[in-house]
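Protein chains in written order, with my numbering: chain A, 1 to 345; chain B, 346 to 1143.
Since the hints were made in silico from the structure, they are not lab data. This structure is a prediction, so every number in the text was calculated from the model and none was measured. There's no promise every hint is true.
Cβ pair distances, simulated, as ranges [claimed, not checked]:
(1) A:L89 x B:S1037: 50 to 58 angstroms
(2) A:N78 x B:K915: 52 to 60 angstroms
(3) A:K271 x B:C828: 34 to 42 angstroms
(4) A:L105 x B:T363: 49 to 57 angstroms
(5) A:K271 x B:S1037: 48 to 56 angstroms
(6) B:C828 x A:K242: 39 to 47 angstroms
(7) A:L89 x B:P1047: 38 to 46 angstroms
(8) A:L105 x B:Y957: 19 to 27 angstroms
(9) B:K1069 x A:N78: 35 to 43 angstroms
C-beta: ideal position from N, C-alpha, C; glycine also.
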Amino acid sequence: MQNEKLKAILEEGLKQIENANSLDDINELRNRYLGKKSELASMGSIIATLPVEEKKTFGQEMNEVKTKLSQAIEEKNNALKAKALEEKLQKETIDISLPGRESNLGARNPFHIVKDEMTEIFIGMGFEVADGPEIETDNYNFELLNIPKDHPARDMQDTFYIDENTLLRTHTSPVQARTMEKAQGKPVRIICPGKTYRRDDDDATHSHQFAQIEGLVIDKNINIGHLKATLELFAKKMFGEKREIRLRSSYFPFTEPSVEVDITCANCGGKGCNMCKGTGYIEILGGGMVHPNVLKMNGYDPDVYSGFAFGIGIERVAILRYGIDDIRKFYNNDVRFLHQFKKKG
Amino acid sequence: MLVSLKNIREYVSLEGLTAEEIANGLTFAGIEVEEIRKLASGTNLVIGEIKTCVAHPDSDHLHILNVDLGEKYGVEQIVCGAPNARTGLKVIVARVGAKLPGGEIKAGVIRGQSSNGMCCSLLELGVDAKYLTEYQQAGIEELPEDAPVGEEDVLGYLGLDDEVLNLKVLANRPDLLSLFNVAREIGAIFERKVTIPTVHEKADFETDLVVGSKTDKCTQFSGKEIRDITVKDSPKWMKDYLMAMGVRSINNIVDIGNYVMLTTGQPLHMYDADKLSAPNLTARDDYEGDFVALDEKTYKVIPGDIVICCNKKPMCLGGVMGSLECAVDENTKNIYIEAASFDGATIRHTSSRLGLASESSSRFVKGTNHFQSEFVLDYATSLIRKYCDGEAFSDIVTYQAEEYADKKITSSVERINGRLGTDFSPNEIKEVLERLHFKVMMGKESFVAVVPSWRLDVTCDADLSEEVIRLLGFENVKSVLPCLDTKVGALTLEQGRLKNIRFLLLDKGLDECVTYSLISKKEQNLFNLLNNEEHYGILNPLTDEREIFRTHILHSLLKVATYNVARQNKNLALFETAHMQSKSSRSTHLAIVLVGKEARQKEMEGIPYDFYHMKGLVEAIMDMLGVEASRYRFDRNKEHLDELHPGKSATIVFQNQVIGRFGELHPNKIAEYDLGKTSAVVLEMNLDSLLSAKVSITKMTPISRFPSVSRDLAFVVDKTIEAKDLIKSIKFTGKALVSEAQVFDVYEGEHVGEGKKSVAISVTYSCDDHTLTDKEIIEVENRIKFELTKQFKAELRG
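Extracted from the complex, chain A is given alone in its bound form (with noise of 0.2 angstroms):
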């Protein structure tokens, strides 16, 4: 640079910029150095007084001294307001430890979860769900599914009556009956979620209402088997792929042959244990092939047709995954149980 004093005044102004500790102070050397009544303004007038040659180099050193001290204010502006900033912020500092905002989570009853894991496993392999109502008729719950009046079968569902011929269903099998009567002759691939009543007192293992998912297949050539693989699928999907199923002969009147279905002990995996009275084997549900009687009743052909049938108990299945140990808990619906039930899936 030529201009001695020029580059005193960029030397100078360079140094107290960098030295600059405030916002204010930055102003202030901005009016200083580039402000209308600064050093450097009042020397443009010089350049009317230098020879036409200096005149040039002058202008240039001049615009190169002001951009060059704008830049460095600029700079240091923008530092020290990211510094200020950054101060203020850390002040803002607030206790992360609090909850959280909007956090309320509803919980579905237990019996919820397992009803809806129940059903989208079942629709899963193509079922669907039917509906039928609670109270029924003596007809649908019990004739239909060959229980005629004074079967002794009967004495095995204690039942709530509304009237002679009409009472609160016992079982979800009643939908059986009127799936079939529905689907008139064609086959069947449904399930039915729903409540059902028994005349029991309460207490820790009974309970007067209870809820079960009923399953119904009909179709050409069923087989036992096919109710045995279609169980063992449900299993492992409601209880873990290591479960294993076992059937044990058992009586339905609606069924023949009929079965109780034992799943492998959670606890011991099967060995033995407390849970399982040292058998391994857990029970829980019952089923069967639909009998001849019951399909013939309801339009279809035994002869043609066979079918395999199901009741799976909403609460056993829940007491026995999450080891609840009263069936009145989820019926009392205590917030505090409900809540340990948030999770999905």
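Starting from the known structure of chain A, fit chain B onto it as the hints suggest.
Below, chain B alone, put in the same frame as chain A:
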């Protein structure tokens, strides 16, 4: 059905099988064993003889005994409190270290006298008190004089070394209420030889007894006469046999009746022949009147009940109980025995109406084998001959409505395997059915199986398939998923929407409950916000708390709130969806209860629940379902409701139908439900019309390219004027230029005067084809102000 393994061994070999293995085998074959029980138990037992018996010096009831335990254990001193302890008595001694049902026997000192063991009663060995006399229960067991001192197999000596299986006999297998048939079943399962006693009795004379039936409820009636019997005590083996099966010994003749019933399954009835006016017994169902039974009580018999009459006078309530008039007693000499078949349904009605259920009636209810009456009578005869000193035995007279024929079922190996998903060979199937006493005739394409007479449950070839698989085992069933037409399994529209509503509420932080459908009469009348449809009542409720099938959920859900508030759970957001059923309809309801605060940041920021919380939930449901705001409205409740705050409640009207009501709970109700000092908001809604509502497919609406302008208006109006009317007017007046108008503040207080409120509304102006000018906007705004002033007497503020 109690099955003593000791008794069953008389008919089938159980060698090498433990009680557990037998129980397991039965259970897998469909006969669940509920319990394995030991008749009595105890270790370190020995038979001893009391050599000396002196009173304890420091006690008024204890004795000091010296008991000879035989060569091996010598003589021990035992302090004993039994009143019947005496010198010379043979007793059961539990030596030191003996483990009895009540605990372990230790050596001790009782009031200064050492005692090394205990003299036992049968009670202390675990024998049920119902089999023991009061004398037996009060003291130690008195063994016979010839009891072998030093014998250590005491339970064996007493006949108590037995295990008893408790079988759960399901309704299809009444044949298992017979020990012979249980033996046959065990024989089939474990492939053991079964030996059922055979008897051949010759008649000494022809009886004058005439049996018959004037009702189709008694299809078979056999009788026999026996003369000169002696009623006395039963032999010990029979007492033991009966005890193991849970039956108390009475006398030889009653015991033989029970013994025959337990072994064959056929209940018998015995008449004192000398007490009948004539030798005829006829089953009828037309008797009406009083009947004095064996238990000396009088029962009302009605037409339809089966009675066995002698000259039209009832001598027995068939299958249920005999009459006092011709009862067998200790002086009875001559008897008639009846073995009949009665209609199960009738016996069921009679016994349950009169409260007279017994082992015998329950066998008739479940079904008896009609083919065996002669065998049963002969079997009873052989026992009476032996144990009742019977002198003369008549022939058997029988009434039978029709000839019984063998039941034959035709099936094929393919059909059996087809139903089971197995590939058993013809031989395997034949062999397993024969093990179960079917007669099988194999043909080329099919086979015929003759069903054993006692298997009432086997009637079709599906039953045969069950017989095959329950014995061969379900592990033979190949697990194969069915190959069916591919189908999209899915929820229906209604089911899907219900699920969406539930999950919306869950996401909003509400907890999903499930409550009982049965409530009390009083409760049914509480909180019936929606309908007064006639409800169903239960004919046979367990308690009056549960006698109505509810038509609403809200009361039940409020009780859940009460339950929780009582347990310090004070902020509640609960909902339930459930199916309702009344005499006129079935519907799906939703109920919501909000109590306390909406804890937005736990306890730090809680907003007390109010009317608008609930309204917001309803609006969210409508939005989610795609039901536009124009299709529903919230009306003020027209009728007076005790349940809701009159000024803070509303009716939801959808397509001109009331589908729900909600609002803040009436203060009286907050107190009634013990919810404390809190706010509570409730809703009950019938979801049916929403679940099935037609909604249009969403089509995008273009958004104006030109900027919109928002301007605020504040008015003072009468408090009674509703914001929605102001907005309606603004939108109507502004026509196309007003794209939105929303209330952003409502103020009531001193600045606006009594009965007034200030409403501030933000109005958004826009236009699809150009940017609005100030002039245009002001013009519209002035029109709006004018209309509001005119329509609502609104005063412009600020």
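Please name the hints from earlier in the document that this structure breaks, with their numbers sorted from lowest to highest.
-> 6 and 9
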